[in-house]
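Chains as they are written, first to last, in the UniProt record's numbering: chain B, 1 to 351; chain W, 1 to 294; chain H, 1 to 280.
Simulated from the structure, these hints should not be mistaken for lab results.
Where hints are given, some of them may not hold.
To be verified - Partial chain W-side listing against chain H, Cβ under 8 Å, derived:
1) Ile27
2) Ala36
3) Leu93
To be verified - List time: in silico PhoX-like cross-link candidates among lysine-lysine, alpha-carbon distance up to 25 Å:
4) B/Lys108 to B/Lys62
5) B/Lys120 to B/Lys107
6) B/Lys107 to H/Lys190
7) B/Lys120 to B/Lys108
8) B/Lys10 to B/Lys21
9) B/Lys102 to H/Lys273
10) B/Lys10 to B/Lys347
11) H/Lys187 to W/Lys4
12) B/Lys131 to H/Lys59
13) H/Lys190 to H/Lys59
14) H/Lys273 to B/Lys108
15) B/Lys62 to B/Lys21
16) H/Lys190 to B/Lys108
17) B/Lys21 to H/Lys187
18) B/Lys108 to H/Lys187
19) B/Lys102 to B/Lys347
20) W/Lys201 to B/Lys10
21) B/Lys120 to B/Lys62
22) H/Lys190 to W/Lys4
23) H/Lys273 to B/Lys21
24) B/Lys120 to B/Lys102
25) B/Lys107 to H/Lys59
26) B/Lys178 to B/Lys168
27) B/Lys185 to B/Lys62
Said to hold, decoys possible - Quick look at which bits of chain B chain H covers, simulated, 3 or more residues with Cβ under 8 Å:
28) 67-79
29) 169-179
As the structure is a prediction and not an experimental result, all values here were calculated from the model.
Where a beta carbon is used, it is the ideal one built from N, C-alpha and C, also for glycine.
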Amino acid sequence: MASITLEGLKKTYSGNVDAVKGIDLAIEDGEFVVLVGPSGCGKSTLLRMVAGLESITDGTLKIGDREVNNLEPAERDIAMVFQNYALYPHMTVYNNLAYGLKNRGFKKDQIEERVQTAAKMLEIADFLQRKPRQLSGGQRQRVAMGRALVRDPAAFLFDEPLSNLDAKLRVQMRVEIKQLQRRLKTTSLYVTHDQLEAMTLGDRLVVLNGGQIEQVGTPMEIYARPASMFVAGFIGSPAMNMLPLDYLHGQGSGALLHDLPENTDIVGIRPDDMLLQPPESAYLQVDATLMLYEAAGAESHLYVQLADSEQPTVIRTSGQPPVSEGDTLAFYIARDALHPFNSASGKRTGD
Amino acid sequence: MQTKRMTFPGHWLPYALLAPQVIITLIFFIWPAGQAMYQSLLREDAFGLRSTFVGLENFARLFRDGAYLNSLSVTAVFAIGTTLLSMSVALLLASTVNRMIRSRSTYTTLLVWPYAIAPAIAGVLWWFIFHPSIGVIPYVLNVVGYDWNHRTSGADAMMLVVFAAAWKQISYNFLFFLAGLQSIPQSLIEAAAIDGASPIKRFWTIVFPLLTPTTFFLMVVNVVYAMFDTFGIIHATTEGGPSQATNTLVYKVYSDGFVGLNLGSSAAQSVILMAIVVALTVVQFRFIERRVNY
Amino acid sequence: MVENRPWANFFAHLMLIGGVALVVFPVYIAIVASTQAPGDLLRGSLPMLPGSHGWENYKAMWSTGLSRAGAPPAGHMLWNSFVMAMAITIGKLSISLLSAFAIVYFRFRFRMFFFWLIFITLMLPVEVRIIPTYQVVADLSMLNSFAGLSIPLIASATATFLFRQFFMTVPEEMLEAARVDGAGPLKFFKDILMPLSITNIAALFVIMFIYGWNQYLWPLLITTDPDYYTIVMGIQRMTSEENPQWHLIMAAVVLAALPPVLVILFMQRLFVKGLTETEK
């Protein structure tokens with residue numbers, strides 16, 4: 001087990017395409033870090049650079065105290081779980097797990113013991129003699145995990161491992177991965193584009209955009225204080241509503257807004273923070289017409305059009321409030337629920 | 001041309017892996033082809049002792065030579081005849097087999113095996129059944145008043161080699177037509193049936209146009225086959241005769257070079273054939289692209 | 001589709017049976033002829049049913065051959081054909097697998113140059129460069145040898161392309177997983193790539209075997225020693241005799257056709273796969 005240190009890591013493809021533009025990140029021993037961002041943000045490239053599957057254009061990569069920039073993937077003491085599992089189709093599950101150990105010169109009985117232990121842990125002991133194509137998607141996923149597990153590596157690398165599963169299985173496997181990592185305490189780097197997966201799995205999240213880090217922090221830090229409009233829009237579902245400051249001034253809330261940080265011209269409001277009842281603390285009030293009412297069981301989404309504005313806005317509320325489409329409603333926003341941003345820089349103001 | 005996203009590092013290994021293929025190619029393909037080009041510019045004296053550089057004279061002579069021009073037209077007739085006969089029989093059989101459900105694989109098995117028979121063997125088989133004195137077919141033809149003799153009649157000899165060449169190629173064309181037919185979505189044919197088209201009309205307005213890529217592809221393949229792979233048929237049967245009536249280009253390269261020992265002319269003919277192969281290969285690749293993108 | 005026209009089905013079957021008959025006819029005649037007594041064929045009308053001399057004809061052909069026509073026993077020629085076909089097949093498959101592996105899984109200088117060099121062989125069938133190739137083989141003293149029969153024919157652009165095509169469809173992650181698992185190039189080739197290619201190899205094996213078995217012009221040129229005659233070319237030697245022994249020749253024809261036909265019949269699925277994929 002080991003820490004992973006990235007110092008100014010860069011990847012430039014031929015034709016001067018910068019996929020990764022200088023990443024500094026220190027992953028502690030035993031930590032579970034999730035790289036999250038939209039497709040094309042460089043998260044997979046970054047993971048593959050750590051794995052040794054992509055060359056490093058510039059910067060330093062250390063696993064433990066060793067600089068591993070120019071080491072073969074097999075020499076980095078990492079194990080990887082691939083998006084499409086990459087199980088060897090012609091080998092049995094047992095041999096899939098054993099292949100890496102055989103190549104490393106493990107003795108037969110050591111291999112047997114490790115494979116059996118991993119198989120028990122992942123509940124695939126019954127399938128060891130089957131071929132991958134005889135397994136369901138979830139079982140293949142477990143075998144792919146098993147292949148990483150038997151190696152007992154310094155770090156696990158996960159490349160969107162759950163994206164080929166159906167929704168229900170994905171939730172189940174998410175929980176199992178988390179429990180497994182807690183138990184083994186192996187340093188893990190996990191790539192996903194799914195913000196919910198990121199929030200629930202990671203000790204820390206790294207939000208990437210355009211090959212750069214937008215924000216690093218615990219899931220709740222990032223949710224509570226998104227450092228940029230990008231992060232605000234990416235983390236949380238439905239996405240945060242963005243309202244121009246001028247608009248709120250126009251709605252007669254000026255008195256509460258003058259203490260916002262300098263340069264603020266746009267404020268973000270989470271859909272949960274638009275309330276149907278006034279809160280106890282200081283609040284703003286906005287009128288809106290209900291366009292669409294989406295009842296989703298425990299909660300409801302209200303798609304509204306704000307008074308004097310074209311802007312579509314979403315509100316999330318628990319249960320099913322007694323309102324109907326076409327009604328004009330009043331919404332209350334606690335003063336503390338505003339996230340101030342500058343639209344030119346895209347950054348949070350006042351930091 | 002791409003490689004994998006990730007490749008193995010290696011300085012000498014890829015060269016070592018390629019070496020056997022490249023060495024054989026250089027020794028047995030590139031070098032002889034170069035020799036053919038070089039020799040096509042030379043002429044040997046009557047005793048084969050000295051050769052002189054004559055430029056393109058060998059080529060010029062060929063195109064003034066009645067025998068060569070005759071060979072060109074013989075080849076054209078042979079290639080077109082073989083292609084048309086083999087492809088139309090194959091299409092007829094394939095579209096009929098495609099109608100069948102239970103018996104499809106049985107018929108397929110019964111129709112594909114002639115692919116395995118060597119052209120020379122196919123030639124001998126047809127030579128035997130058309131044999132003027134002991135063959136079955138001349139015997140029957142005699143009854144209806146036709147005196148078959150491929151030893152004296154150029155037309156009979158041509159028909160013989162076309163039959164043998166087409167017979168052997170039916171299985172190949174059949175398999176490709178069947179695959180083409182099976183890739184046509186059944187829903188299109190059903191839609192045409194609902195639109196009131198009769199089975200024959202459906203074939204000509206829906207099925208045949210959708211088979212065009214396969215048809216073009218097979219045309220090129222069959223022409224290549226007739227031009228280059230049928231040496232055995234000619235050599236084992238008519239040997240180019242009677243009086244040059246079946247002397248195709250490939251056979252002539254061989255007979256002028258090995259039998260007539262006219263190396264310069266034979267080499268020039270080789271070069272012309274290579275040019276034809278290159279042209280056909282380019283056409284073939286074009287059509288393959290079309291086939292994929294259709 | 002609901003199309004209930006019994007007469008149309010009847011007609012279709014009739015036509016297919018006609019087609020099958022057309023395809024079978026020459027071979028049927030050969031079988032009939034090969035079972036007749038020597039004189040029976042020369043009477044001017046061939047019997048339409050097999051005769052009773054099959055055993056002695058095949059036996060004579062198998063063990064004695066037609067020595068007067070310069071053709072050794074068919075058993076020996078069949079063996080030669082088999083050795084040549086296997087050498088060509090195995091040779092083609094091995095060098096094509098290796099070169100396709102190099103071209104797909106490595107980046108190196110002159111990669112494109114080598115690719116085109118191999119590609120060009122596609123355009124140079126042996127028939128068009130026959131004399132200079134003969135000269136090369138003669139200069140290398142490979143006339144009348146199995147090496148001369150097989151090695152000049154084993155370079156194959158088709159097989160290289162097919163394997164290249166197939167390797168490109170192997171998921172990238174296979175290689176990546178193998179490298180994380182500590183496999184080097186040769187280990188990857190042996191443990192992962194070869195097992196994954198096994199159906200393609202088998203399919204190509206069928207096609208190449210038939211190709212090798214049916215070689216005609218090449219053995220005709222480079223073998224003057226009857227010890228190296230192959231069955232397909234040997235038959236030509238028999239027919240060019242003054243008074244061809246048709247009943248024995250037809251026995252040889254059946255023997256020559258049998259191995260590749262059996263290969264197709266028993267491995268039809270692989271054969272169809274090999275045929276349709278080599279032409280893509």
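To see whether the hints hold, each was checked on the structure:
1. Ile27: Since chain H brings a Cβ to about 6 Å from W/Ile27, closer than 8 Å, the hint holds.
2. Ala36: For W/Ala36, the interface hint holds, since the closest Cβ of chain H sits about 5 Å away, which is under 8 Å.
3. Leu93: holds, 5 Å
4. B/Lys108 to B/Lys62: With a Cα-Cα distance of about 32 Å, the restraint between B/Lys108 and B/Lys62 is violated, given a limit of 25 Å.
5. B/Lys120 to B/Lys107: holds, 20 Å
6. B/Lys107 to H/Lys190: The hint holds at about 21 Å.
7. B/Lys120 to B/Lys108: Within the cut-off at roughly 18 Å; holds.
8. B/Lys10 to B/Lys21: Given that 25 Å is the threshold and the Cα spacing comes to 5 Å, the pair holds.
9. B/Lys102 to H/Lys273: Since the Cα atoms of B/Lys102 and H/Lys273 sit roughly 35 Å apart, the hinted pair is violated (cutoff 25 Å).
10. B/Lys10 to B/Lys347: holds, 23 Å
11. H/Lys187 to W/Lys4: holds, 17 Å
12. B/Lys131 to H/Lys59: Violated, at about 50 Å.
13. H/Lys190 to H/Lys59: violated, 45 Å
14. H/Lys273 to B/Lys108: Violated - the C-alpha atoms of B/Lys108 and H/Lys273 are around 39 Å apart, more than 25 Å.
15. B/Lys62 to B/Lys21: holds, 18 Å
16. H/Lys190 to B/Lys108: holds, 20 Å
17. B/Lys21 to H/Lys187: This hinted pair is violated, its Cα atoms lying about 35 Å apart.
18. B/Lys108 to H/Lys187: Holds, at about 19 Å.
19. B/Lys102 to B/Lys347: violated, 51 Å
20. W/Lys201 to B/Lys10: Judged against 25 Å, a Cα distance of about 64 Å means the pair is violated.
21. B/Lys120 to B/Lys62: violated, 32 Å
22. H/Lys190 to W/Lys4: Measuring from Cα to Cα gives roughly 18 Å; hence the hint holds.
23. H/Lys273 to B/Lys21: violated, 47 Å
24. B/Lys120 to B/Lys102: Answer holds: B/Lys120 to B/Lys102 is near 20 Å, not above 25 Å.
25. B/Lys107 to H/Lys59: Violated. B/Lys107 to H/Lys59 sits at ~59 Å, over the 25 Å cutoff.
26. B/Lys178 to B/Lys168: Holds. B/Lys178 to B/Lys168 sits at ~16 Å (cutoff 25 Å).
27. B/Lys185 to B/Lys62: With a Cα-Cα distance of about 19 Å, the restraint between B/Lys185 and B/Lys62 holds, given a limit of 25 Å.
28. 67-79: Coverage by chain H holds for the segment 67-79 of chain B (5 residues, Cβ < 8 Å).
29. 169-179: violated (count 0)
When each numbered hint is compared with the structure, violations occur for hints 4, 9, 12, 13, 14, 17, 19, 20, 21, 23, 25, 29.
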